[in-house]
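Novice: Chains A and B supply the protein sequences, listed in that same order. Those letters in the first sequence? Residues 52 to 313, by my numbering. Those letters in the second sequence? Residues 2 to 335, by my numbering.
FYI, nobody ran anything at the bench for these hints, they're computed from the structure. Remember, predicted model here, so these are calculated numbers, not experimental data. Glycine included, each C-beta is placed from N, C-alpha and C at the ideal position. Errors might be hidden in some of the hints.
Simulated pairs of lysine to any residue, SDA-like, Cα-Cα distance not exceeding 20 Å [stated by the list, open to error]:
1. B:Lys208 with A:Val178
2. A:Lys115 with B:Lys208
3. A:Lys115 with B:Arg207
4. A:Lys115 with B:Asp199
5. B:Lys208 with A:Asp142
6. B:Lys208 with A:Ala143
7. B:Lys208 with A:Val245
8. B:Lys208 with A:Glu114
9. A:Lys115 with B:Thr198
10. B:Lys208 with A:Gln177
Here are some of the chain A residues that sit facing chain B, going by a computed Cβ distance under 8 Å [stated by the list, open to error]:
11. Asn111
12. Leu113
13. Met154
14. Phe156
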Amino acid sequence: MTDDATTGAAPVLVEAKGVHKRYGSNLVVRGIDMTVRTGEVMCLLGPSGSGKSTFLRCINHLEKIDAGTISVGGELVGYRRQGDRLHELRDAEIATRRSEIGMVFQQFNLFPHMTVLENLVEAPVQVRRESVKSARERARALLDVVGLADKADAYPRSLSGGQQQRVAIARALTMRPKLMLFDEPTSALDPELVGEVLDVMRGLAADGMTMIVVTHEIGFAREVADTVTFMDGGVVVESGPPEQVLRAPQHERTRSFLAKVL
Amino acid sequence: MTSRSGTDVDGGGTTMTEDRGIDGDAVRVVPVRRYGQWLATIVVLVVAGLVVTSLITNPRYQWSLVFSYLFNAQIVEGLGTTLWLTVVAMVVGVVIGIVMALARESRNLVVAAAASVYIAFFRGTPLLVQLIFWFNLAALYPVISLGVPFGPTLFSESTNVLITPFLAAVLGLGLNEGAYMSEIVRAGLQSVDSGQTDASHALGMRKSQTFRRIVLPQAMRVIIPPTGNETISMLKTTSLVSVIAIPELLWQAQAIYSRTYQVIPLLITVSLWYLVVTTVLSMGQYYLERHFTRGDSRRPERSLLGTIVHGLVPRHAAVRRPATTDVQDEGTRS
Ligand SMILES: Nc1ncnc2c1ncn2[C@@H]1O[C@H](COP(=O)(O)OP(=O)(O)OP(=O)(O)O)[C@@H](O)[C@H]1O
Ligand SMILES: [Mg+2]
Numbered sequence: 052m053t054d055d056a057t058t059g060a061a062p063v064l065v066e067a068k069g070v071h072k073r074y075g076s077n078l079v080v081r082g083i084d085m086t087v088r089t090g091e092v093m094c095l096l097g098p099s100g101s102g103k104s105t106f107l108r109c110i111n112h113l114e115k116i117d118a119g120t121i122s123v124g125g126e127l128v129g130y131r132r133q134g135d136r137l138h139e140l141r142d143a144e145i146a147t148r149r150s151e152i153g154m155v156f157q158q159f160n161l162f163p164h165m166t167v168l169e170n171l172v173e174a175p176v177q178v179r180r181e182s183v184k185s186a187r188e189r190a191r192a193l194l195d196v197v198g199l200a201d202k203a204d205a206y207p208r209s210l211s212g213g214q215q216q217r218v219a220i221a222r223a224l225t226m227r228p229k230l231m232l233f234d235e236p237t238s239a240l241d242p243e244l245v246g247e248v249l250d251v252m253r254g255l256a257a258d259g260m261t262m263i264v265v266t267h268e269i270g271f272a273r274e275v276a277d278t279v280t281f282m283d284g285g286v287v288v289e290s291g292p293p294e295q296v297l298r299a300p301q302h303e304r305t306r307s308f309l310a311k312v313l
Numbered sequence: 002m003t004s005r006s007g008t009d010v011d012g013g014g015t016t017m018t019e020d021r022g023i024d025g026d027a028v029r030v031v032p033v034r035r036y037g038q039w040l041a042t043i044v045v046l047v048v049a050g051l052v053v054t055s056l057i058t059n060p061r062y063q064w065s066l067v068f069s070y071l072f073n074a075q076i077v078e079g080l081g082t083t084l085w086l087t088v089v090a091m092v093v094g095v096v097i098g099i100v101m102a103l104a105r106e107s108r109n110l111v112v113a114a115a116a117s118v119y120i121a122f123f124r125g126t127p128l129l130v131q132l133i134f135w136f137n138l139a140a141l142y143p144v145i146s147l148g149v150p151f152g153p154t155l156f157s158e159s160t161n162v163l164i165t166p167f168l169a170a171v172l173g174l175g176l177n178e179g180a181y182m183s184e185i186v187r188a189g190l191q192s193v194d195s196g197q198t199d200a201s202h203a204l205g206m207r208k209s210q211t212f213r214r215i216v217l218p219q220a221m222r223v224i225i226p227p228t229g230n231e232t233i234s235m236l237k238t239t240s241l242v243s244v245i246a247i248p249e250l251l252w253q254a255q256a257i258y259s260r261t262y263q264v265i266p267l268l269i270t271v272s273l274w275y276l277v278v279t280t281v282l283s284m285g286q287y288y289l290e291r292h293f294t295r296g297d298s299r300r301p302e303r304s305l306l307g308t309i310v311h312g313l314v315p316r317h318a319a320v321r322r323p324a325t326t327d328v329q330d331e332g333t334r335s
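Bound conformation, chain B alone (with noise of 0.2 Å):
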């Protein structure tokens, strides 16, 4: 940890105090003296120190009522719903996020418009709220009703049966996710040349296989990280159903310390399967990362243990673009 001071010089491996033992006229190079560094390393060592210590001493966290939840079937139970969830939001997400995207580019200005009234809409209003808002919806329209617009009704249904609270909780994630995926979509969809799209369209491909084929492949390893920080997001928010009741694993986590009054144990058990999860995803992260920036000579550097740590670390929505140097880059490549 602490050594960093003595390697940025030599980085060879002898340490300072060793040198003297070689030829009579070797000079002796004295690095910068880092004290801010030494300082901050104690500090740092000893607030562990004092939170491990507190860890294990500290009775109430109650350690082994926590493992002894980890498998518990209600907790499994929520685990897999929280799974379950996020997966088909960020699915509905992403894909929202892409027509999204094209419709905001799209000549058509209605289209663009609309677009863009619903990335601001979903994007302005608080999630918990939209949450609440599609589980009741209901109070709104009591029924709902499927026909030609101002003419006969072809199928009727109470809003209650249709809209399920598990619906309820995959509408309000997904929609709000599809605003947020189309702005990422959209820097994706920038960041590649137009000169791609162009030498496409000479070959004789038509602008679907163009956008499927060379533009959407390209665009994705502008997409994926910030993608895969949103799906680890996800993971996260979904908590939030809990207070539309749909049973992923804080609601169970709730329904079982509501019972037993074991609430701290059980939040760290919760605590514990979400920080299990969200490293699993990052490592699928960091591998999507490089199967998607095949033929770029500056693939990420980052290992796969420093991806799940970057994944872990909150980052700011800035999106990557790598693109806007590439043509120069070739154009000038001897």
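Same shape as in the complex, but just chain A (with noise of 0.2 Å):
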């Protein structure tokens, strides 16, 4: 199922190379390279204001970036490579590369003005031209998976954090993504609420979907994560399995992070 990244079996899905971003004067990502298989779960680890989210973001071109490359597929997700030049795609492209990415907040950001059915069928309906009828039906499947199929009509202001981001999750899936990205998707719940999303994460792994997922769930990271990644300041401090990064990490701000978070 999930190939170890040491293995070198599977195909390499995202590969970052000295990726840089900066706000104004102020460089938030100082040049990632990073490497993920297909099938590969990797958590990223840092403190806060270390990048991940900014370096998430440019994953899928939420955010653009001052320098580097990211490719998802083999495809730079928001750029064309002519020659030794990069072309910023247009709006529809980026979008188009985009919709194989799937994306899960740490709020949700859910779209309140829609039931939980319309918010998994919108994607599809408006970006895929599927039929509301199939949309449907596959939006339904998939709130059976995440185990909220009687929730279809709710407005998702009625759900608990928990039901919400599970929905987010769902609604991501229906674009039928080759890579899940995670923002901490648990930070914002109350404790007896991270389970049941991380639950549902664990099932997605051991169905073999490559995900990055921002964390600060070490129990996830050791159980679930193929790689652990470091991050301090912009940049990876260091990667590995998890008995390795977790259980004997190499660098100092490894481990005082560890001794914190711990």
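Please dock the two separately framed chains into a single complex, following the hints provided.
Specialist: Structure, rendered in structure tokens:
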């Protein structure tokens, strides 16, 4: 199922090279190289402000990068390469590439003016021009997977945080993404609701979904991740299998971070 | 009206004098006596009584005339023109408002600056002056022609033919309204959390789809209430175009009383019509607001009647901003 990055068997899905991102004069991501293989689950750890969210948002081009490249499935997400030049893609082309990358946010970001089912039907119908009927069927099936089949007609506001986040995961899955990005999906949840969301994510990982998960849930990382990457100050400090990075970190910064969160 | 101090405390419908009959050890609650409220009530009732008496007994109101003019052909025609003007001016205003709101947020500084200048100009000069200006545009540009800038002319027409009084009125009212609407639209757009755009883009929706399907519908619940007020205000503002001889409601009334000298009855007739239409518009606003607050557990508690009264009472242009707390709400809910 989930090939270890070390076996080198599975093809590379995400490849970041020398990624830089600045806000004004604030250089937030300072040269990140990263490889994620198909089926791999990577957990990104790091202190607040280390640029985890920013890097994640660069992967689906919600943020423009200032230097370096990120490719997903062999294609640069926001650009077309011509010789040694990168041309930024037009809005419609970027949207098409983004639609193959699912993203789940800390604050869920469900569309509050739509019911749960409408949230799930929106993108397949608007972006993929699927028929409403088939989009609905698929939406109901996905709601079933996340255990919320009975909430199809509810509005997001009437759901608990954990339920909203499960809907958000289902919504991302409606586009049949080849990669899922999670930005602290359980950080906004009450402790007793964290488990139900992590369970859904575990299920996804077991089904072979490629996932990059920014999280503070060390337990989840230890159990589910194939690779744990520790970031600080906009760079990758160390990266490797969880037993190595979490049990026997090589770097002092990793050690002191783990000492704080564990 | 005056039972308020009694129900505040027990709320259960028992009046203060009745609780003597209850069990011996029942403790009687004596609400704070609000002498000020009693005084205010008496003053209001006395004034209202005087007004009503005067309305009924002063023959110079000529109520029979007021009602006989209500469905006068000229008046009804004027009412139609007023309604039509209101609708067209508001449509123009809303469209311009959306365009200007987007232009102001544009990354193109020239576009953003142009929008700001537009808004400053139209908000900073009196509407009456603008209306007369449009009406007299021919004095400035006797001929309007369309063509390639600094190149050949494709179309040319006398300004007085092109800018009819009605078009001058629509231009004046619509362009002016657009400046105000752009502020309302902007506040609405800003009230939508940026996470909504992120989520929509992440799903592969294009910018235009995101705007149309995700941002605008959510902005609507902030945009609708002040737009309703603007519409009601516009209905009344159209009376200004009587100065450029548009035969709307007020102009028609003036046309009649300049012949018959029945000034007061006709002004009352006109006022009654304005009142009727603003009331109907307020009802429409109530249902629109309800539609656009779907999924919002904090639906306005206001009743239909409350909305109507609210719509008729002038308000300052402050815009409701419910969204600032939304994110935290969702984040911390259990
Ligand atoms: N839109 C923005 N404009 C300006 N600065 C930003 C913006 N977004 C993030 N930053 C800055 O970039 C730095 C990294 O932010 P980022 O959100 O990527 O960190 P993070 O590792 O995700 O932290 P956290 O664990 O708190 O989510 C921070 O210093 C932040 O203030
Ligand atoms: Mg973050």
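Novice: With reference to the structure, classify each hint as holding or not holding.
Specialist: We went through each hint and held it up to the structure:
1. B:Lys208 with A:Val178: Holds, because 12 Å separates the two Cα atoms, which is no more than 20 Å.
2. A:Lys115 with B:Lys208: This hinted pair holds, its Cα atoms lying about 15 Å apart.
3. A:Lys115 with B:Arg207: It holds: about 16 Å lies between the C-alpha atoms, which stays within 20 Å.
4. A:Lys115 with B:Asp199: holds (13 Å)
5. B:Lys208 with A:Asp142: holds (7 Å)
6. B:Lys208 with A:Ala143: Holds: B:Lys208 and A:Ala143 sit about 8 Å apart, inside 20 Å.
7. B:Lys208 with A:Val245: Not OK: B:Lys208 and A:Val245 at ~33 Å, beyond 20 Å, violated.
8. B:Lys208 with A:Glu114: Within the cut-off at roughly 14 Å; holds.
9. A:Lys115 with B:Thr198: Since the Cα atoms of A:Lys115 and B:Thr198 sit roughly 15 Å apart, the hinted pair holds (cutoff 20 Å).
10. B:Lys208 with A:Gln177: Roughly 12 Å between the alpha carbons, so the hint for B:Lys208 and A:Gln177 holds.
11. Asn111: This hint holds: A:Asn111 lies near chain B, its Cβ roughly 6 Å from the closest one there, short of 8 Å.
12. Leu113: holds (6 Å)
13. Met154: holds (4 Å)
14. Phe156: Constraint on A:Phe156 satisfied, holds at 6 Å.
Violation of the numbered hints given earlier is confined to hint 7; every other hint is satisfied by the structure.
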